[in-house]
Structures are given as structure tokens and as C-alpha cells.
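Peer 1: Protein chains in written order, with the numbering used here: chain F, -13 to 222; chain P, 84 to 912.
Quick caveat, the hints were computed from the structure, so don't treat them as lab data. Small disclaimer: the values here were computed from a predicted structure and weren't measured. Fair warning: there could be bad hints in the mix.
Partner residues aside, some chain F positions facing chain P, computed with beta carbon under 10 Å [said to hold, decoys possible]:
| # | residue |
| --- | --- |
| 1 | Asp72 |
| 2 | Arg78 |
| 3 | Arg80 |
Computed, partial: chain P to chain F, Cβ under 7 Å [what the hints assert, rightly or not]:
| # | residue |
| --- | --- |
| 4 | Val534 |
| 5 | Ala541 |
| 6 | Asn542 |
| 7 | Arg545 |
| 8 | Arg822 |
| 9 | Gly825 |
| 10 | Arg828 |
| 11 | Pro904 |
Which bits of chain F does chain P cover? Going by a derived footprint, with three or more residues having C-beta under 8 Å, they are [said to hold, decoys possible]:
| # | segment |
| --- | --- |
| 12 | 20 to 33 |
| 13 | 95 to 103 |
C-beta atoms are modelled at their ideal positions from N, C-alpha and C, and glycine is treated no differently.
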Amino acid sequence: MNEKPEQAATAAIRVENLSKQVTSGDKPLTILHEIGFAVMPGEAVAIVGVSGSGKSTLLGLLAGLDLPSTGKVWLDGIDLFALDEDARAALRARMLGFVFQSFHLLPSFNALENVMLPLELGGDRNARERALTMLDRVGLASRVGHYPKHLSGGEQQRVALARAFVTSPRLLMADEPTGNLDTATGAAVIDLMFELNRERGTTLVLVTHDEAIARRCDKRLRLVAGRLDSSSPMPA
Amino acid sequence: MTTLNLAWRLLTRDLRSGELGVLIVALVVAVGSVSSVGFFADRVRQSLQRESGQMLGADLLLISDHPWKPELSALAQANGLVTATTVTFPSMVQARGAAQLAELKAVSANYPLRGTLRTAPALNTPDTPRAGVPAPGTVWLDERMMSALGVASGDTLTVGDASLKVAAVLTLEPDRGVSLFSLAPRLMMNQQDLPATHLIQDGSRVTYRLLVAGAEPALATLRTALRSKLERGQRIEDIRNARPEIRNALDRAEHYLGLVSLLAVLIAASAIALSARRFSQRHVASCAVLRCLGSSQAMLTRIFGLEFLMVGLASAVAGCLLGYAAQFALASWLGSLVATSLPQPSLLPAVQGAAAGMLLLLGFALPPVLRLRKVPALNVIRREWPLAEPASLAGYAFGLAFLASLLIWQAGDLRLGLIVTAGFTAAIALCAGLSNVAIAVMARSFRGSTVMWRYAIANLRRRRASSVMQVCALALGLMALLLLGITRGELTASWLNAAPADAPNRFVINIQPTQREPIEALFKDQGLPAPGIFPMIRGRLVELNGHPVSHADFRDERAKRLVDREFNLSWARDLPGGNQVVAGAWWNPSSAAPAWSVEEGIAKTLDIHVGDSLTYEIAGERVTAPVGNLRKLDWDSMRVNFFVIAAPGLLERQPASYITSFHLPEAKVAFANLLINRFPNLTLIDVSVILRQVRDVMEQMARAIQFVFLFSLAAGLLVLYAAIGASQDERRFEAAVMRTMGASRRQVFAAGLSEFCLIGLLAGLFAATGAAAVGVVLSDLVFHITYVPGWETWAWGIAGGLLCGMAGGWAGALVVVRSAPILVLRESA
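Okay, chain P solo, but in the shape it has when bound (with noise of 0.2 Å):
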């Protein structure tokens, strides 16, 4: 008989006994963990490959806060390539005495130069390729903003000063991309129109995109010419690097959302352990009967292997196939994340996944198993291999190397992965530690008490290693859901409730100079109280102590696009509330030298000190001052805020638009529209609505975090099965000599499910003080709020601990009750 055929034979009596099932579906909840997160990922950044032309709408994206000169687009066009141009800003937009913020975008006549848009005649009809962009004098809107405006194909919008007509549903821009915090709706409309709404003034934030399209030649030619006249706050996106952002964000999502699918394998390693060990146990009675009838080791080797292989095999396969069911899911919540389709997934997210299956295998479960080729052939007269000892920490010495390379690897950085390498392991640790000195606690406290829960506590205590095992398995799982579920449940609660009641909900943008007197007197007509009116002038760092400042200097990221983009500037002759001087004192008001007063985060990101020079370019001039004092802001205060306040004298030449924020009542919700109605060129934001987006998007990121989250407590659950098959001989001994002594089925059932409720226990337990513990951390690190847990935490932990532990349990007593009590007897025969 072949080595092959043997091992088959061993593999199918080995699944017929049921040897084999929590290894396999270990394997293939690892497997497809991994997987449904490659998968889904794969899609997106095949996705975002295929279709970077038709995400910039062009070959070549040229992107400005300023208009760009008109010279580029003869440059571009004299070597043979054509140009579009775009202008897009948030504004409001009025209808039928309803005013919606949109954002704005005005195209040229042969925008875009890739992909296609597509429209509908109405909502909710079918939408169709079209060319061309809305014809001078008309618009089209998307679905977001026709239901908020309640307008159809035909109304008439007041956009500033213009009136246009709506002539189309805009149902696909392919340059979109990102709907996440897109602040407004979009209205799309003729460039030619743009003049006549008196819209673009100074200070109006404005992004100016020149797209081009051609030959590569000309467009390599045009690159190369261009990286000597980019200004700042201009930059070039082309196929390579197209959508950072999204790319950027893709990468972050896709390593999280790694590292938590290999929670999942982290916690399969043991069940995987576990059954191996088992099923070595099972095995060294056959084993010795292999060798007395003249097997070698490297036969049992060959065999084992074999077995192993096409045990791993079919593993994977399965563990892949679930995976790819799994990313559905993930598409679903994540997916609107790119508004392009999305394709197929490649083979290589099964090929890791599955490559990932194997070597779990290889480090976890072979090596105890590949122990039986030792079992001398003496064993089937003396039953004396010690294969009950458990297997040494060295001897998972390459499964623990390969789940530390595979963290480092999902973490995608070395400091990062070796943060979580390191974070898992004292984790671990710490439930490991805490396990035990419970179990300890609970033994001496429970002396006195009935025998079943001694009996349960006492099996606890004796088999501690796996004990410790299960509750740490279990309490990772639950903790990872309990954070999710209930924890940011909370932390976001604890967060929108941070902020008065009355603070402001509004804010207004692009206020002119000469509006200023007449609002504050709207708002008294209106019974509202007198708003702060701030003046706003854009204006960019130039130089810092004399030296001119490029984001090059920096390496923090958050530094170089400070440095890089426009800051919104201020002057005061008072201290706005809110904010406290930390470092420096605010200026005499009365008499008050030039000066900047900078707020305190900003300036430790940028290095900036009282006494330092700054120097900012504001349309085109520039002003220098010293650094007059370092601010503390209250950011929730959802007041407005600024980052560089100018002293008195030194900005108010410059061209302002001033801002303000108030808190609109309930009640008085139609003054918003009253005061657009009046003050057309005014942009209304409403809080809420972004608030509520920002809700929307962390929902959705934590559902999808949280579905993945779903594996590892599968894997917990195993880990459960897995020790209760380790233990199973013996529970069904033991509770054959107790129902021999005289104990009722009652009795030995109620034994059996205590100590897994005792595990359970201990595991809600620790997963929501640990839950709340990350919550506590994050809500000070991260939202700066005091986070009191709820007793909720708890009460879900130990409830799905307890759950968990008597799902678990119930199977394990149950085949316990069963055993007869002649079992005792047969053994000692």
C-alpha cells in the first residue's frame, strides 16, 4: 500500500470520527478571515487601477487653490494635447424660497476628457451615457440635491445672482470619487454662467482643476515643463497617483482592516494547537501498532504530512470560498466608499489566504503531530509515551514567528506591526495574568460551597493552562465586538453630547464687508442674539524666522499640508472666548504692536515659539510680525475658531470675508432661508448635517470593522470546543465515577455547564473592562471628552460571555450526562 493511500484511508476514518472538525473549521475561519479582507480590498484597488483615467476625468490633473494662467493651457494645447478646466466651491443655492449648500462645480465646454457622465430625465427613472456638459443658462443636479430642494427637471435655482434652469438628474461623475464628507450636494453648471452669480469673491474657497488629456510623449513633455512653474498650493495628479486621498485611505483601511482578520488567526493558532494535540493523543495507540508492524518514522512522517496536507488543502479552499462570501458584505458597507463599480476579485487574495491557512497548519498543528513518528512500538504493551505533557513554547517557536511576521506584515510598517505585536502579546499576558489569579481567588473563596461548583472550579484550577487559554480566546473575541458595538455606542454619544445645548449649529461663510451691519441688524429684527462676526483673509506661510518655509522641511504629515495650503487668518483686538493664552500675553488692545498670536497645536506641529518671525503672502503681499502669544482652543466648543489672530493694525488693509457661527433654535429654523433669501452670496453650513455624515461614515466603518470582528469570536468559540475535546475522555470518566457514586444526571450536567459558565463569566468579565479600558484611553487621547462607561459594557460582556460559555459547555455536558457508568468498569477491565 502507498504512503498516499494510507494517509487517505487515515484522513477519511479520521473526518468519519469526527478527529479532524474543529482543526478544519479553525483553518477555515482563519483562512477566511484573511481572505474576505484581501478580497474586498483587491476589488477596490483593481477598481481604482482600471479606472484612475476616468477618476481624474482626464490624463493628467492639474489642481489650484488660485486660477490657473492661462498660459498653461496654450502650453498644453501647442504640444498637441487637449484641455478642460473645472471650478468648484461650496455655495447656497435657492429654490422656491428654500435654500440647500451645494457644491458648485462649473465645467468647460469638453469636460470630461475621460470617462462619461450619465443622466436621467427625472429621479428615479433610468439614467443614460451623456455627452456633453449643461448647456449655458441651465444645470443639472444629483439626486442628493433635487429631493432637497424638491425641484424636477424644468424648475428655475437661484445660484447668486444668476438664475438658472434645472435641465438634468446628474447621476454619475466619474472625477467624484469620494462621497465620504463631501460637505454638500452637487449642481453642475455651464463655466460660462459663473460671471453672472457674482459668486467667486475674495476669500471664497475655490479649487481650480486644468484637465488635460493626449499622446504620453506630450503629456511626459508637459509634466517635465510644468515641475518648474508649479506655485503653492498647486499640484499635478496624474494615473500613477491618482486620488491620494482615496488611495490613502484605501491602504489605511485595508491594513486595519487586516490586523483585525488576523485577530482571528491569532485566536485559531490555539484552537488549531489544541486539536492537534488531541488528536496526537488519539493516535499513538495506531501509531504503535505502525511501528511494531515496521513502519519507519520518516513513514509516519511521509503519512501525517500527507494527511496533514490534504487536510490544509480542502481547508483552505473552503476557508476561500467563505472569505469571498464574506466580502460582499464588506462591499456593501465600504464600497460606496468608491463610487465606481467595482470588478471581480483576482486570485490573489485566495492564494495568501490560503498560504496563510498552511503555515497556521505547519507551525500549530504538526508539530505535535509529527511527534507520533517518536512513539516507540514498546507502547502497545506498556502505555508509557508521556504524550500527555503539553507541548513546550519552543515548540511553536516557527508558528509564533510566523504570526508576529504576518502581523508586521498586515500592519504594513515595522513600528506599527511590532506596537501590535507587542500590544497582543500583553494583552494576552494581562488576561492570561488575571485568569489566573481569579481562578485562584474563586477556588479559596468557593471552599464552602456546593460540590458542583467546587467540582467545577476544581477542574478549572487542575486544567489551568487550558482554562487560561479559553477565557483569553473568548474575552479577545467579545472584547473586539464590545468595543464596537456598545463602547463607540457610547464614546459617540458621550462626544455629541459634549457640546452645550446652545452651542452654535450654524455657520455662515463669504459674509462681504458691507453685510456686515446689516445682519447683525437681521438678527435683531429676527429676536436673535447678536452674532460674533470674524473677519477671514486667506493667506499663506511664507517664510518662518527669515527663511523661506517649504513642506520639505517637514516630515510630519500634518506639518507639510499646513505649510502647503491656504491658512484662514484673523485680527482681534480682545481675546475671543473660548480661547486661553498659554504661552506669551494677548496684545494691549488699545495700543497693540504687530503681532500673531498662534494657536498652541499648530505651532508645536510647525516649531513655532513666542518671539518667532512669521511671515504670510495674503493676495500677493506680504506681512511679517512676530509671534505674540501661544492659544489654547476649546474645539468643541463648535464656536468659530482660528488657528494665526493677527494684533490690531496688521491685516485689516487686507481683503477680508468675515464668518460666524450661531445657534439657531428649533423654532426659528426659517431664518436661515430668510437670511439667503436677503444675502444670496452667503454660504449656510449646517452643523448637524455634518455631524450626521460624519456619524453615517464611522457607522459604516465600524459595522464592516466589526462584521470582521465576527471571525475572531468564531475562532474564541472554537478555542472552547477545542479544550472541551482536549478534556472530553475525561469529563466522561469522571462523570462515569460520579454517577456511579450516585450522582443524578441533574447533578453531573449541572458540573459540566458551571465551569463553562465560570469561563464565560471570566470572560465577559475581562472583555468589558477591557473594552471600557480602550474607551477610556480613546475618549481622552482622541475626542478629549470624560468617558464614564456605562454599566451597559458590563452587563452585555458578561451576558455574552456567559452565552458563549454555555453554547460552548452545553455540548461538552451534554456528552458528558450521556456517558454510562459501566464506562468505569470497561476502563478498569
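With the rest of the complex left out, here is chain F (with noise of 0.2 Å):
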């Protein structure tokens, strides 16, 4: 069952005839529809589209945060939804790291906290000392003792960032990570986040609806009502 096609070895994400149908009062609503997709080592993916077209869903079934209804995921050619709830969770603390566009930190805990919390979580025992350099890494380090509520948009966010690449992951996940952020403040976050990609060779998965951040990624997938647009320009 676990028999892995090829180009599966070779590529960061392979995705094949992903479907995703949830029920809704008495009619099955399918949100993606036999999706097909790889994503090379290092690469950078745009997934856009427009509200509802189904790029949230999409995320969460790349990282293996939701089970779907037919199709497999295939993340360093592992087969995702092979593994159970648990291991998936290891897989995640392995390899995967999140951005969201609500930040999502912990508000019990403080910014080196945070930051400290994906690792301690992989028992690692050197924790405090990679947040510390990381959150000096993203320019925190005035900050590293501060609550979540006592810091500012950008400022949580950069603590996401450091909090998501302080495993040093192979893949980050990035859904719509500027949404809540003013203009400025949101461009200097994505220049960040692209900066940290670039430094550490990850692969970039990014839910966006901002074109010109898009733009930015070295390949697009739109989705429309749940299926892949084939017109969707690829540049190289």
C-alpha cells in the first residue's frame, strides 16, 4: 500500500487525485477535487484563489493537520496519511514549519517560550540557546521576554517566523501570513520570510490571495472552486 511512484522519492511535496468532500445538511459539498501537484526540493509554491476556493483546506491536508477523502500526500516520500494521528504529529515536528495569519502563539508563554516550544517538544536540550539566536535572528532580541498580548502584528508575526524556522524544517507552511497585518508592516515580514527560505533552502508552501506576493514564489497554483486551474501560469 505504501508503494511510492517514482518522482515521489525526488520531490519535497507529491500530491495525487486529492479529494476533499465534507457533508453539509443532507448534501455531500466537495471542496477539492482531484488535485495533482509536486513540489521540488527548495522550491517556492503560491497557492491562490479567491475566499472558499478550498487553499486553507489544501494547506491543512499538506501538513496533515485533517484527513482526506481520497488521494495521498507524499512529504519527502513519506506517505502522509499512512501514518497514524500521532506519528503524523512527529512527522510534523520533524520536518514541518507554520506560519499563520493569526500568528497563534501561545499567550501562557512569552516570546522565547514560544519560540522554545517546537523544540522542547522534540526533546531537544539545547532549546533555549537556538530560540535565543533565532529571535535575534528576526530582531527580537530586546522582546525575548515579553507576552504575546504586550507585543505588536508585526512583532507576533516575526515571533511565528522564528518560532517556525527554529527546527530548521524542510517545508514551511506559510496560510496567508500577512492577512492581519497593515501594508508596510506585512511587506517587511514577507521580505523576512523570504529571506529565511532563501538562507536555509526550505521549501515554501504560501496560501495567499496578494498577487504581488505571489509573484514572489517561483510557482502558482490557483484554485478555483476546488479544483486546480490549469491556466495558471508557472514561471520558471
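Hints given; two lone chains; assemble the complex.
Peer 2: Here it is in C-alpha cells:
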């Protein structure tokens, strides 16, 4: 059952025939319809589309946060849905970083503790030092003891970037990372994200409806009503 | 659509979604707690009212510690009233070589004037109403007496110098009333046989009752006539003030149980406030929509007011049913206080319980809910209504005032009520302060520990107000139970062990002067150490420094009682062992001037000082002397002690009986029978029997109180649930974030559970420390013993706290684990 297609070994992400249906009332509702694509290591891919086109659902499936109705996803050649829930969580801890629109920092933890969290969950003994270095890298060395409610939106998103990159993930998933920020702050955060991405050679999957940000990526996938729009431009 | 319709729909929706669950259960617990005590007290009160005539055995009862003059009976009979008399006193009764202390009651022919006696032919056979009294030459024994002596109908007993035949088992004696602390089982005999027993001698403790019944006008005339004729040591009871001791005991029990039941109400109030806050948070969106669609503020007020009215009524009914069920448990433990059967309760306690529930709702649920009417319609577009901020204490001013007045009302006394209110407030403030400190200390000391513990503590800290509230609620409930469950047992044990192993365990009273030497000789024969035999003279304090003493001179209840009753006086050459002079000096044994030595406690109560002149009336003669010294006594020594001792030469001429106490080793219990066989007039009191009775009564009371405290613990758990509910959305979301970061389910579960373990741990620790502290204070002030709380208090406290914390936290942690990580994406979409 874990039969790997040949290309899957080399792709960072390989998606085949991925569908997601939910039941709304009595009627089944198809959110994603037979999606298939591959992302190569180090590539930056933007998923674009209008609200409700299924962007976030697709991202959730790529990260194993949700289960598909049919289809498969391979991350670094590992069949994601052949794993159980805890094994998928362990995989996320090992390979994935996340950045969200609403930052999603734990309010009980200060900036440092938030950045340490993914390291500590993985049992890293040098969590503190690595987190401090990372916070320094995103320009927040002086704010490490602050709690989320005492940080500005831009600062919170920089903490979230630090948290996402601190484990040196091979894959970064970003969901509308500038959606809750004003234009200038958003641009600064995006610049930082691309910088870190380049530095570390991370594969990036970015959900956005901002065409300007999407254009900075190597590849764009356009979702229209749950289907991949084959006419979407794919610049090299 | 009418407002009622809308309110009803909202109610059914909220019920289905579980938004109201904790609030309703908290209300039910509060109403149940209050009404259980209310129902029970109501039943007892009704029974007292309905059967007070029977409980007197008459319409009017005259009680005296010396015989009633025959003129009084004649006066009553001249007024067309019927009379009967009873004479009661403790005495030893012998059968088949065994001796047993009995409460003798010699009755005249037409006793009782009201109510009916019931008898059975033998033990464990059905009883029937019995007209008349034991025929001369026969006795009726109650069940306890029958089994203690091992006799049956037809057997013969020795009562003093008389031999009487057992004729029946006495199963009901309407005027017996209190079984609490009754010294001994009952023997009922005919008054005609009394002289032949030769039991009533000088210094015997005898109660003479004159029972009167008849038409009310004649009774009123007699009452008026008696008022001027009553002597000291005499009093009247009628159906209006029947059995003041039961009434007082009931009143006190009701007040204390009522206060105990209010603890649950106090804790439930916080559960209600917490869940109402969550309720309102969850309704902001729908309120904004309603506002958008044109609802006025007044309409929203009406809708939510109606919804909560329905919730309140339904919960009140359920709470009253719970209270009704719970009072059966109370009645089974405390009902034996009153010998009569208990009638069905009236509706009044239900009304009171329901009213308390509605006011609780008004004070603690409606403030946050009614704030919903202020949700701006704009909220549908921009969620910015600041409902997240906790409601201020001022918002709950009405509720808090209601709780305080409830406490004062239940205490039945403004001062006690204020003390209790202040006590509760102080206890809660102390517990809250300590919880705050503990959380801060833990945050510091856990800094380097694993992420799960740090996460738990960080959450406690961030939701500090809620955490402190949970710790306090749980700690109060647990402390109440620990106090009664563990501390009480340890205290009683310490108290019982405080007496040395060879402390006297038998008292002998009614020793006649001529019997002193033969008794001492008998002790010597049997190889027992010579007992100290002390004279005992009954006298009444009539003058203090030349002024007549009346109970009206004193405000203190104990002082009034002391002045009304006869004292046991003694005389002594030397200071008795275990006594210590604290003021003045002991007299010179060989040439003592007339003087009294007074126990310091009683001296304080009656305001007596060294040099004051006291006059006692003894058998009609007055004896006056100055107070020479004050003494301190060791009451726990179980030795014979006297409040007042006279110097030699003052009382020797007065009629005296003698008293002694001695230690009878387990191996020589037969000596007791020998002593009574030889001297049938002696009354032998087995201390261990009395102690066992005291302990049994205490157990019964404690069990009842403990039962009522269970409501408090339930309320404490509800606070935990409500607090979990209030933070559940946050928790689910945080768990989803952690899952996204790669946390395993076990890690997330552990993080959730450890937070509640910490809350339970703190609560248990505080509860145990509080219970131990109360125990130490009680032991010092009440029991006068040194009590060192055992480790069990903490072991149970912490175990109980952890258990409650986990029971509450488990559900919360499970929900969190089940929350899908995809939540984080949906939230941000």
C-alpha cells in the first residue's frame, strides 16, 4: 500500500488525486476535487484563489492536519496518510514549520517560550540557546521576555516566523501570513520570510490571495472552486 | 414571534448545546443544600408543635428538684383539673446477680394525662397501646434495660430494698422525648412501691413532676396562681414552651446545619457566575445579529430575563426534589433526637430554597447575561465588543449582599452572622492570597522543568483569577469534609487518650455515712486501693455578699442555670489531688476558720472573688462564709471534683451522702456486682458507657454535617467544571496549535491534566492545613488538650485534592486532545 511512484522520491511534496468532501446538511459538498501536483526541494509555491476556493483546506491536508476523502500526499517520500495521528504529529515536529494569519502564539508563553515550544516538544536540550539565536535573527533579541499581548502584530508574526524556522524544517507552510498586518509591516514580514527561506533552502508552500506576494514565488497554483486551474501561469 | 416564544427557543437551543449545564447543576446543588436542611428542620418543628401535649404527657407540667406540696394538687383539682405525679432518679437495679444502672420513673395511677404508653409482652414482639400504669409490685422495662439485664417478663428484680416483677416491655413513653445523653435505660414502676425501696435518701438526685390537664381557662387560672408560689428549683412547662431543651437543640442544630448548607451556596455562586460569563461570551454574536435585525435593548433584556426565569424555576424544582431526597438521610441520623415519628414536611422550605435559587441567579447569572443587551449591532462586522474583561465585583454587589444577608439570617443572630460572614471572607481572602503566592512561587521554581509543567503553570498564571477561584472553591469543600472526616476522629481519639490509663472509670454515688467504712473495707478485701470517699451536700446559692441571688441578675446562660439549680458542695481538710489554688490560700487543716473554696471557672461566671461572702441554703438552713480561695481543677482527670468546698467545721452537721470514683481494672469487673449486691442503694456509673454515648451522639451529628458538606464539595467540583468550560475554547485552540507544532496526543493530554493536578494539589494542601489549624484551635479552646495533626490529614487532603482536580481536569483534557489540529487553519481562514 505504501507503493511509491518514482518521482515521489525526489519531490519534497507529491500530491495525487487528492479530494475532500464534507457533508453539509444532507448534501455532500466537494471542497477539493482530484488535485495533483509536485513541489521540488527548495521550491517556493504559492497557492492562490478567491475566498472559499479550498486554499486553506489544501494546506491543512498537505500538513496532515486533516484527512482527505481520497488521494495521497507524500512528504519527502513518506506517505502521510498511512501514518496515524501521532506519527503525523511527530513528522510535523521533524519536518514542518508553520506561519498563520492570526500568528497563533500561545498567550501563556512569552516570546522565548513560544519559540522554544517546537524544540522542546521534540526533546531538544539546547532549545533555549537555539530559540534565542533565532529571535536575534528576526530582530527581537530585546523582546524575548514579552508576552504576545504586549507585542505588536508585526512583532508577533516575527516571533511566529522564528518559531517556524527554529527547528530548521525542510518545509514551511504559511497561511496568509500578512492577512492581519498593515501593508508596510506585511511587506517587512514577507521579506524576512523569503530571506530565511533562501538562507535555509526551505521548501515553501504559501497560501495567499495577494498576487504581488504570489509573484515572488517560483510557482503558482490557482484553485478555482476546488479544482486546480490548469491555465495558471507557472513561471520558471 | 412573541418574546416568550423566542426565549423558549433560545432556552431549548442552549440546553441542547450544553451551554446551561453547569449553571443548572450549580443551582440545583445550591437549592438542594438549603432545602434539605430546611425540610428536615421543618419536619422536626411540626412534630414538636403537633405533639407537644403528648411530649409533656400533660397540658401543664410542673418540675421540681424537691417534692411538690400536696396543696398544689389540691388547688389544681379544686379548679376542675386532673393531676398525676412522677418521680424520676437514677438507681442501680439487680437481677440474676448482675447490676445495671437504670433511670427509675415511679408514676401515679392516672399517668400520663396526654398521650399513650405502648408496651409489648416480650422483646421483639409487636407493641400495643397500653392504658394504665404498672400494677403495684410490677415494673415495665424499656428494650435497652431488658437486654442489659437479660431478663424477660415474669422475672424478678431487686430495686433498692424491694423485689419487683417484670410485667412488660415499655416501647413508647410519649414524654421521654430526648434519648440524647440519657444516662441509663428506663424502669417504670408504680409510685406505691417507692417507699419500700428506701432509695430516696438525703442527697439523692430526684426530679418530681406534677402533671396537670384540663380546660384552658382553669389552666390559665392555675398558671397565674402558681406564679407567686413557685420556689427555687421549680419551673413550669406548657405546650407553648414544651421541652425547651429539644427546642434549643433543634434551633441550634438548624442554625449550624443551615450555615453548613450555605457553604455550598457560596461556592455554587461562583460556579454560576463563571458559567453565566461563558454563556454571555458565547451569545455575543447572536445578540449582535438580533440587534442588527432590529431588537431593542429592552427586548433582549426580556428575552434573556425570561430564559433565565425558566432555567431558575426548573432548577429550583429539581433542587427541592434533591433536597427532599437528602433530608431522609438527615432524618435517619438526627431524627432519633426526637422520639416521636416525623410528619411530612410542609412546602415552606421548598419556597425558601427556590427563593434562594432565584436570588442566586439574579445576583450572579444575570449581571453578565444582561450586559449582552449592550452588544452593538456593529459587532456583526467588527468583533470588538470587550466582553472578555471580567465583570467587576461591583457588578455582583447585589449577589454578594444577598449572600451576606443569607448568612446572617441563617445564623439567626446578627453578631454570629457577621462573625461567620467575616470568617468566610477572611478564609476566602487568605486562601486566595496563598494561592496567588503559591502560583508565583511555582512559576519561579518550575522555570527549568519540562515544557508540560511550564505550560501548566503558565496557564495557571495567565488565568490567575480563575485558577485562584478554583483552588479556593475546591479547598473550602475539601476542608469541610476533612475537618469532619479526619480531624474530628483524631481529636476525639486525642481527647479520649488524654486521660491516663489508670484514670477512674467508675463513679459511685448515694453512699450513706454509715457505709463509708464497710465500703473501704470491701475495697481492701478485694485488693483494690482505698478509694477517696468525699461528702456531698446539696445546697443552693441564695445570697452573694448579703444580697439575694436571682437568675435575673445574670445575662450569661450558664450563670442563670448555675443559680437555679442545686450545687454539690463538699468539705475537706486538705486540698484534693488535681486541685491547685490560684487565688487566696488553702486553709490551715487543724484550725480552719469558716470559708469556701470556689472553682475558678464558676467564680468567673458568677463574678465571685476571694473575700466575697456566699450564703448557701442547705435543707432549709442557711450557711454563710467568706470565699477563702479559688481553685483550678483538672476536669479531664475523671476524679471526683467539686465546684465549692467548705473548710472543716462548716458543713459537717448537714445531711450528706458520699461519692467516690475509682479505677476498676478489666479483670475485676465482677467487683461492681459484688459492691451493688452488698449495698443495693448505691448508684454505680460506668464512665465508659457515658463516653460511648457521647461519642455515638457526636458521630451522628458529624455524619449529618458531613453529609451536608458533600453539597459543598459538589459545588467545588462545579466551579472547576465551570472554569474549564470558561476556558475551553482557548484550551482547544492552544492544543490544536501544539498538535500543529508536532506535539503528541499524550503530551497535550499531560499538559492539560497537569494544570488541574496543580489546582487539586494546592486545594488539598490548603484544605488539610486549614482543617489541621482549626483542629489545633479547637483542641486548645474547647478540649484543652494538645493535638498534633497527623500526616493522614495531609495525605487525605492531597489525595482528595488530586482526585478532584483530575476528575475535573480529565474531561477538560480529553476535549482538548480530541480537538483536530485543522482548527488552527479554520480559525484563521
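Peer 1: All hints, please: hold or fail.
Peer 2: Here is what the structure says about each hint:
1. Asp72: Holds, about 5 Å.
2. Arg78: 4 Å, holds
3. Arg80: Holds - the Cβ of F/Arg80 comes within 10 Å of chain P, reaching about 7 Å at its closest.
4. Val534: 4 Å, holds
5. Ala541: Hint on P/Ala541: holds, closest Cβ of chain F at ~4 Å, below 7 Å.
6. Asn542: Hint on P/Asn542: holds, closest Cβ of chain F at ~5 Å, below 7 Å.
7. Arg545: Holds, because the Cβ-Cβ distance from P/Arg545 to chain F comes to roughly 4 Å (cut-off 7 Å).
8. Arg822: 6 Å, holds
9. Gly825: 2 Å, holds
10. Arg828: 6 Å, holds
11. Pro904: 4 Å, holds
12. 20 to 33: violated (count 0)
13. 95 to 103: holds (count 4)
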